[in-house]
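Participant: These protein sequence lines are chains A and B, in that order. Residues in the first sequence are numbered from 1 upward in steps of one, following the numbering used here. Residues in the second sequence are numbered from 1 upward in steps of one, following the numbering used here.
To be clear, the hints were calculated from the coordinates, so they are not data collected in a lab. Each hint should be verified, as a subset may be incorrect.
Unchecked claim - Over 12 angstroms on every C-beta distance to chain B, these chain A residues come out as not near it, computed from the model:
1) S24
2) M435
3) L466
Said to hold, decoys possible - Within a straight-line C-alpha distance of at most 25 angstroms, the following computed DMTMM-like cross-link-like pairs (lysine to aspartate or glutamate) qualify:
4) A/K37 with A/E157
5) A/K37 with B/E116
6) B/K86 with A/D9
7) B/K38 with B/E73
8) B/K111 with A/E108
9) B/K111 with A/E36
10) A/K440 with A/D321
11) A/K162 with A/E108
We put the CB at the ideal spot given by N, CA and C, even for glycine.
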Amino acid sequence: MTVPVTWQDVAALLPEFFLVVWASALLLLDVFWIREKRTTAWLSALGFVVALVLAVGQMGRAPLLAFRGMVIADAFSVFLVALFALSGLVGILLAQDYLARNGIERGEFYVLLMFSVVGMMLMARVADLVMIFLALELFSLPLYVMTGFARPRADSEEAALKYFLLGAFASGFMAFGIALVYGATSTTSLPHMVDVIQAGEADLALLTAGAALVLTGLGFKIATVPFHMWTPDVYHGAPSPVSGFMAATAKMAGFAALLRLFVLVFPVVADLTPVLWALAALSMVLGNVAAIAQRNIKRLLAYSSIAHAGYMLSAAVAFADPHLGPQAVAAILFYLVAYVLATFGAWGVVILLERRIGQEGLLLEDYAGLSRQYPGLAAAMAVFMLSFIGVPPTLGFFGKFYLFRVVLDAGFVGLALIGVLTSLVSAYYYLRVVMLMYMKPGEPIVRREPRVQATVLAAAALTLFLGLTAASSLYAWATEAILRFG
Amino acid sequence: MLWQYVPIAIMLVLSMGLAALIVALGHLVGPSRPTHRKMIPYESGMVPIGPGMRRQPIRFYRIAMLFLLFDIEVVFLLPWAVVSRKLGLFGFIEALIFIAILLVGYLYAWKGGALEWE
Chain A
1 MTVPVTWQDV
11 AALLPEFFLV
21 VWASALLLLD
31 VFWIREKRTT
41 AWLSALGFVV
51 ALVLAVGQMG
61 RAPLLAFRGM
71 VIADAFSVFL
81 VALFALSGLV
91 GILLAQDYLA
101 RNGIERGEFY
111 VLLMFSVVGM
121 MLMARVADLV
131 MIFLALELFS
141 LPLYVMTGFA
151 RPRADSEEAA
161 LKYFLLGAFA
171 SGFMAFGIAL
181 VYGATSTTSL
191 PHMVDVIQAG
201 EADLALLTAG
211 AALVLTGLGF
221 KIATVPFHMW
231 TPDVYHGAPS
241 PVSGFMAATA
251 KMAGFAALLR
261 LFVLVFPVVA
271 DLTPVLWALA
281 ALSMVLGNVA
291 AIAQRNIKRL
301 LAYSSIAHAG
311 YMLSAAVAFA
321 DPHLGPQAVA
331 AILFYLVAYV
341 LATFGAWGVV
351 ILLERRIGQE
361 GLLLEDYAGL
371 SRQYPGLAAA
381 MAVFMLSFIG
391 VPPTLGFFGK
401 FYLFRVVLDA
411 GFVGLALIGV
421 LTSLVSAYYY
431 LRVVMLMYMK
441 PGEPIVRREP
451 RVQATVLAAA
461 ALTLFLGLTA
471 ASSLYAWATE
481 AILRFG
Chain B
1 MLWQYVPIAI
11 MLVLSMGLAA
21 LIVALGHLVG
31 PSRPTHRKMI
41 PYESGMVPIG
51 PGMRRQPIRF
61 YRIAMLFLLF
71 DIEVVFLLPW
81 AVVSRKLGLF
91 GFIEALIFIA
101 ILLVGYLYAW
111 KGGALEWE
């Protein structure tokens, strides 16, 4: 007789359970009854609102291992789960008008988006090696399909195939790494693994090799150099709302699992510190330098997302230091909030200016003269660009400040220097967008889509005002969202 | 630590060596008189129609994929059925949830027309 699942287990995963049931029901409703696809969009948005409320309701509780140690509901995971629910909502707000006007609106899109968000939430909850792989696949598979959603457009299909093949390859590395880590510690449970490692019973060489392979798999998801090759092509070919959603959330999910593994379980494999150092440095340099050469805004944002993965990874380099680990987690969580806000906002502007899918209104020149006709939108875009650079009143500045402080405390002065210098380089291409909007004459055509516009303005307002007023309290909140097992 | 696997390694080398030996001997010693009849793809005498790399309708893949999905369902249900008495009500409900999830997919595929051939 097995021990049944308790209500406590269900309560620990309440937002995920709700979303799975809601998405499954919505899938059937959509094919059997719903005529207007907009209804599906609204219902899935409602589902994310409820999931957000459920996630907020979980805040402040003691950490809880559920389902016999497969998942954990701690402050870190609840913080991210709430952020994922909010991201799902924003993803739908950005996507609905775009899909409808391009004639590719199908109910499955919203259902896939919900399943993907569930996978990302589980990514933040993992307490077992098996769960990492399951969650990774659950959030990746819907993303592959959503990338190819502009079927039969060739670039969208190509992007989907490329993303799928390389993603499957990366999953292979991940699975192999998991196998090696299991071989080194003879357990898949992460809390148990910590005990085994502390007792000195783990095979360190095998563990290091396994950790390196897991890092490869996760590095693909968060798009760090040298695992970034797919990023520009996929973000370019995918429908813009999908690119924006991926750029914001897939990175969060990857970092969630990476932090939990490296800060909590793998501090013992300090040998990997130079590897992380190199990944972070390469991402910052290559992402920013390659972005300068881009004429297409989607490719520019893709390279910029690679660079931001590098900034965040530079704080994770301090994972092996027991005192700095928690600080690195807080700094990265804070930066994720700033990055997600600016990313959603910037992609929202891209969606508003994209006249026909993947064809017109995507070049940087198309942004010329935006400030004359649409001062609000241009100001919002300027805020996002300044936040990406890290200019003081915006949230991005505080994000970079906390990140580089951790890097300096850990003694990686060279890495911090690379971060600051590449930020300067990035100012060149971010400010070019601002310069085009404000100083060049042009006749940009912008969609009247109130939901997307409202999302963009709200993201801009949050980026600016959280930076001006609440940055330190947000950081304090991120500090409380500390990683723990039990 | 790895010494216990040595017999397997010897076995592997021996079997591969034997296979290579037999194939090599056949090539070296056996007479080779290729006639037209002997070189056609099917020794049964069936005449092949068209080239081997033809385009297949995508429908086959769809059916194959659906078959795989629901085949896995059976693979999971079979071991459950064997121990269902031991698992009791809890196991029964678990299996029902599992079937319900797959049922959603089945209904979706059905309504979406994936089960129709034309």
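Participant: It remains to establish, for every hint, whether it holds in the given structure.
Facilitator: For each hint, the structure was consulted:
At the 12 angstroms boundary, the C-beta of A/S24 falls inside the reach of chain B, the nearest C-beta of that chain being 5 angstroms off. A cut-off of 12 angstroms between C-beta atoms confirms that A/M435 is not in contact with chain B; the least separation is 49 angstroms. No beta-carbon of chain B comes within 12 angstroms of the beta-carbon of A/L466; the shortest separation is about 40 angstroms. Distance hint between A/K37 and A/E157 is fulfilled; the C-alpha atoms sit about 23 angstroms from each other, no more than 25 angstroms.
The hinted pair formed by A/K37 and B/E116 meets the criterion: a straight-line CA distance of about 24 angstroms does not exceed 25 angstroms. Of the pairs offered as hints, the one joining B/K86 and A/D9 holds, with about 22 angstroms between alpha carbons and a cut-off of 25 angstroms not exceeded. Between B/K38 and B/E73 the CA atoms are separated by roughly 45 angstroms; this puts the pair beyond 25 angstroms, and the hint is violated. A hinted pair counts as satisfied when its Cα atoms are at most 25 angstroms apart, and B/K111 with A/E108 qualifies at roughly 13 angstroms.
Taken as a hint, the B/K111 and A/E36 pair is honoured in the structure, with Cα atoms around 17 angstroms apart against an allowance of 25 angstroms. With a CA separation close to 49 angstroms, the supplied pair A/K440 and A/D321 exceeds the 25 angstroms bound. At most 25 angstroms may separate the alpha-carbon atoms for a hinted pair to count; A/K162 and A/E108 meet this at roughly 21 angstroms.
Checked against the numbered hints listed earlier, the structure breaks hints 1, 7 and 10; every other hint is satisfied.
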